[in-house]
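Protein chains: 2
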Amino acid sequence: MWVLVFLAVNVFAQSAPLPSWNDTAAKKAIMAFVGRITKEGGPDFVPPAERIAVFDNDGTLWAEQPLYFQVLFAMDRVRALAPQHPEWRDKEPFASLIKGDMTTALAGGEHALLDIVAATHFGMTTEEFERVVKEWLATAKHPKTGRPYTEMIYQPMVELLAFLRANGFKTFIVSGGGVEFMRPWTERIYGIPPEQVVGSSGKLKFEMRGDKPVLVKLPEVDFVDDKEGKPAGIQKFIGRRPIAAFGNSDGDLQMLQWTAAGSGPRLMMLVHHDDAKREWAYDRQSKIGRLDRALDEANARGWAVVSMKGDWRRVFPFEGH
Amino acid sequence: MWVLVFLAVNVFAQSAPLPSWNDTAAKKAIMAFVGRITKEGGPDFVPPAERIAVFDNDGTLWAEQPLYFQVLFAMDRVRALAPQHPEWRDKEPFASLIKGDMTTALAGGEHALLDIVAATHFGMTTEEFERVVKEWLATAKHPKTGRPYTEMIYQPMVELLAFLRANGFKTFIVSGGGVEFMRPWTERIYGIPPEQVVGSSGKLKFEMRGDKPVLVKLPEVDFVDDKEGKPAGIQKFIGRRPIAAFGNSDGDLQMLQWTAAGSGPRLMMLVHHDDAKREWAYDRQSKIGRLDRALDEANARGWAVVSMKGDWRRVFPFEGH
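Protein sequences appear in the order of chains V and X.
If you're matching positions, the first sequence starts at 4 in our numbering and goes up one per residue.
If you're matching positions, the second sequence starts at 4 in our numbering and goes up one per residue.
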């Protein structure tokens with residue numbers, strides 16, 4: 004009788020932390036890893052100061068379809084700024100974008116995208132940009148779900164972040180997205196403070212405007228935090244090798260390799276978008292969030308692959324359950 | 004009687020945290036500031052997440068005479084590497100350096116210094132460099148005191164770091180020194196973990212060596228965290244404006260201006276090297292750690308200026324007291 008009660012309590016204690024995860028291999032891998040590295044006196048114990056976990060953002064913590072949300076932000080921003088830029092009416096990609104013709108606007112590929120980002124992300128101070136991001140997030144809606152972008156986050160990953168922190172981890176974002184685009188909201192949405200957000204960035208220029216110092220965002224790339232840039236970003240900004248890394252695309256491969264190459268127990272995990280019904284299904288052929296080489300490497304090395312369809316009880320926080 | 008006991012306890016509680024500080028204006032400014040911003044319900048209360056304090060390192064947390072310690076490290080390293088570099092015997096600044104003639108070696112000025120740094124800081128992996136720094140620190144001795152460099156730290160500042168952390172602050176280093184040179188020891192010596200160290204850096208290149216990923220230190224400057232670079236470094240690496248900033252030279256001026264320009268209570272403080280007996284005395288004319296414009300600005304704006312001579316009971320931890 005007491006044994007049964009004890010077992011029941013024990014099972015509850017183990018399953019309580021991640022309620023939106025099914026009791027499948029992915030969750031078991033997380034629980035086993037955290038159990039090992041937090042067991043004081045155990046052979047795999049890791050001191051709290053070294054419990055660094057890194058998370059990609061687009062496609063790992065929040066959605067990235069139909070386009071990276073930062074691109075959608077930039078497009079909305081072009082339309083908002085259009086009245087002040089009459090010259091855009093005859094200039095691609097702006098002309099098509101303003102008319103709402105996204106296909107033509109994006110026909111120019113990466114070059115068109117860079118023009119859009121440059122026109123919307125630079126030439127203002129860091130404080131002005133932060134205000135613009137916050138205003139956009141307060142009103143913009145995702146084109147498919149009609150939800151604010153800050154609700155397009157994965158509930159199981161939010162629970163995972165909290166669970167790791169409850170076990171002494173410091174959780175970091177290491178994302179290809181712009182660092183100034185993420186920091187205004189990551190603390191409120193993920194519990195990740197600005198100083199634990201690593202991302203791509205442009206150069207900054209310090210200026211005195213009268214008596215007031217400002218930092219101006221220059222139209223010059225400073226750091227691209229993607230692919231080979233992710234281990235470099237970890238070294239530059241964190242300076243300590245993570246023991247756990249979470250990604251979803253080939254852009255995260257090197258971050259997972261770098262994490263895996265440390266000594267002692269490690270957790271490398273990929274979120275696989277295989278749930279067309281609740282989210283999107285895409286991998287090897289996708290332009291956004293392509294998961295091809297990293298999936299092969301995960302299979303070859305035994306890294307955990309999370310099936311959104313099979314491993315997650317719930318995807319978004321707004322879903323009924 | 005009870006009133007007297009209460010007063011005595013109160014005085015003790017106020018003076019206990021910073022035992023190496025005299026009870027002068029500098030210490031009072033620190034205590035008053037921390038009291039104001041931690042008083043829950045008070046008009047100046049700052050939530051713990053926003054209690055960011057930034058510290059310069061050279062001349063603020065540890066000494067910087069007769070030369071920045073990182074330069075002394077680079078010089079020792081040239082001598083250690085000399086047997087593998089026969090070509091250095093005919094090439095300045097290396098030839099003079101190996102012979103022990105520092106005056107001639109440094110006659111080339113900044114250019115000579117850059118050659119020395121380039122020859123000793125690049126072309127190896129981040130892990131190799133970390134090992135070299137740790138080995139140097141374990142054996143090298145300061146030329147004047149004969150002490151390990153990690154003992155050439157200011158005891159009052161170490162106490163201040165601990166006092167701020169005990170009051171909910173996150174303490175960061177924001178230094179012109181190399182970030183990879185500082186991170187191997189700041190946690191042990193100052194209690195500041197690697198992820199809270201901002202510094203100058205070179206570019207890094209991710210490479211697979213067989214199955215092992217490495218980051219190679221390239222001979223290309225990535226970021227100079229000095230003067231106008233300091234507010235940029237704060238924005239890049241921390242992403243939140245500090246409420247307290249501590250420096251000692253003109254290289255810290257912009258960091259203090261940036262900190263001062265936020266709203267709410269702020270603490271800006273300069274360490275003034277005016278103690279030739281226990282440390283060194285230098286300011287407006289010094290090549291190392293020049294304090295000129297920043298001292299004028301401190302006086303004009305009422306920033307705190309710490310006299311090492313008058314405000315510090317003890318300078319180094321190894322001093323008798």
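Just so you know, these hints were derived from the structure itself, not from any lab.
What you are looking at is a predicted structure, and each value in this text was computed from that prediction instead of being measured.
Hints may contain errors.
Because identical chains share one entry, a pair is satisfied inside a single copy or across any pair of copies.
[As the list claims (entries may be wrong)] Below, in silico cross-link-like pairs of lysine-lysine (DSBU-like), each with a Cα-Cα straight-line distance of 30 Å or less:
no.: 1; residue 1: Lys31; residue 2: Lys137
no.: 2; residue 1: Lys215; residue 2: Lys94
no.: 3; residue 1: Lys206; residue 2: Lys230
no.: 4; residue 1: Lys42; residue 2: Lys147
no.: 5; residue 1: Lys42; residue 2: Lys280
no.: 6; residue 1: Lys230; residue 2: Lys312
no.: 7; residue 1: Lys208; residue 2: Lys42
no.: 8; residue 1: Lys230; residue 2: Lys215
no.: 9; residue 1: Lys102; residue 2: Lys31
no.: 10; residue 1: Lys312; residue 2: Lys208
no.: 11; residue 1: Lys42; residue 2: Lys215
no.: 12; residue 1: Lys206; residue 2: Lys290
no.: 13; residue 1: Lys230; residue 2: Lys208
no.: 14; residue 1: Lys206; residue 2: Lys147
no.: 15; residue 1: Lys280; residue 2: Lys94
no.: 16; residue 1: Lys208; residue 2: Lys147
no.: 17; residue 1: Lys230; residue 2: Lys102
Status of the hints after comparison with the structure:
For the identical chains of this complex, Lys31 and Lys137 are neighbours neither inside a copy (37 Å) nor across copies (39 Å), given an alpha-carbon limit of 30 Å. Within a single copy, Lys215 and Lys94 get their C-alpha atoms no closer than 36 Å, and across copies no closer than 48 Å, so neither meets the 30 Å cut-off. Taking the shortest alpha-carbon separations for Lys206 and Lys230, both the intra-copy value of 20 Å and the inter-copy value of 15 Å come in at or below 30 Å. Taking the closest pair of Cα atoms, Lys42 and Lys147 never come within 30 Å of each other, the shortest separation being 44 Å inside a single copy and 46 Å across copies.
For a Cα distance limit of 30 Å, the shortest separation of Lys42 from Lys280 qualifies neither inside one copy, at 39 Å, nor across copies, at 51 Å. In this assembly of identical chains, the alpha carbons of Lys230 and Lys312 lie at most 30 Å apart only when taken from the same copy (26 Å versus 52 Å across copies). Taking the shortest alpha-carbon separations for Lys208 and Lys42, neither the intra-copy value of 47 Å nor the inter-copy value of 36 Å comes in at or below 30 Å. Taking identical chains as interchangeable, the C-alpha atoms of Lys230 and Lys215 lie at most 30 Å apart only when they sit on different chains, with a minimum of 16 Å there against 38 Å within one chain.
When the C-alpha separation of Lys102 and Lys31 is checked against a cutoff of 30 Å, the pair qualifies neither within a copy, at 50 Å, nor between copies, at 62 Å. For the homomeric pair Lys312 and Lys208, neither the shortest alpha-carbon distance inside one copy (46 Å) nor that between copies (37 Å) is at most 30 Å. In the homo-oligomer, the alpha carbons of Lys42 and Lys215 lie at most 30 Å apart only across protomers (28 Å), although the nearest pairing inside one protomer, at 51 Å, exceeds that limit. In this assembly of identical chains, the alpha carbons of Lys206 and Lys290 lie at most 30 Å apart whether taken from the same copy (28 Å) or from different copies (29 Å).
In this assembly of identical chains, Lys230 and Lys208 lie within 30 Å of each other by CA distance both inside one copy and across copies; the values are 27 Å within and 11 Å between. In the homo-oligomer, the alpha carbons of Lys206 and Lys147 never lie at most 30 Å apart, since the shortest distance is 34 Å inside one protomer and 41 Å across protomers. Taking identical chains as interchangeable, the C-alpha atoms of Lys280 and Lys94 are never at most 30 Å apart, the minima being 38 Å within one chain and 69 Å between chains. Proximity of Lys208 and Lys147 under a CA criterion of 30 Å is satisfied in neither setting, with 38 Å inside one chain copy and 39 Å between copies.
Proximity of Lys230 to Lys102 under the C-alpha cut-off of 30 Å is found in neither arrangement, the shortest distances being 34 Å within a copy and 45 Å between copies.
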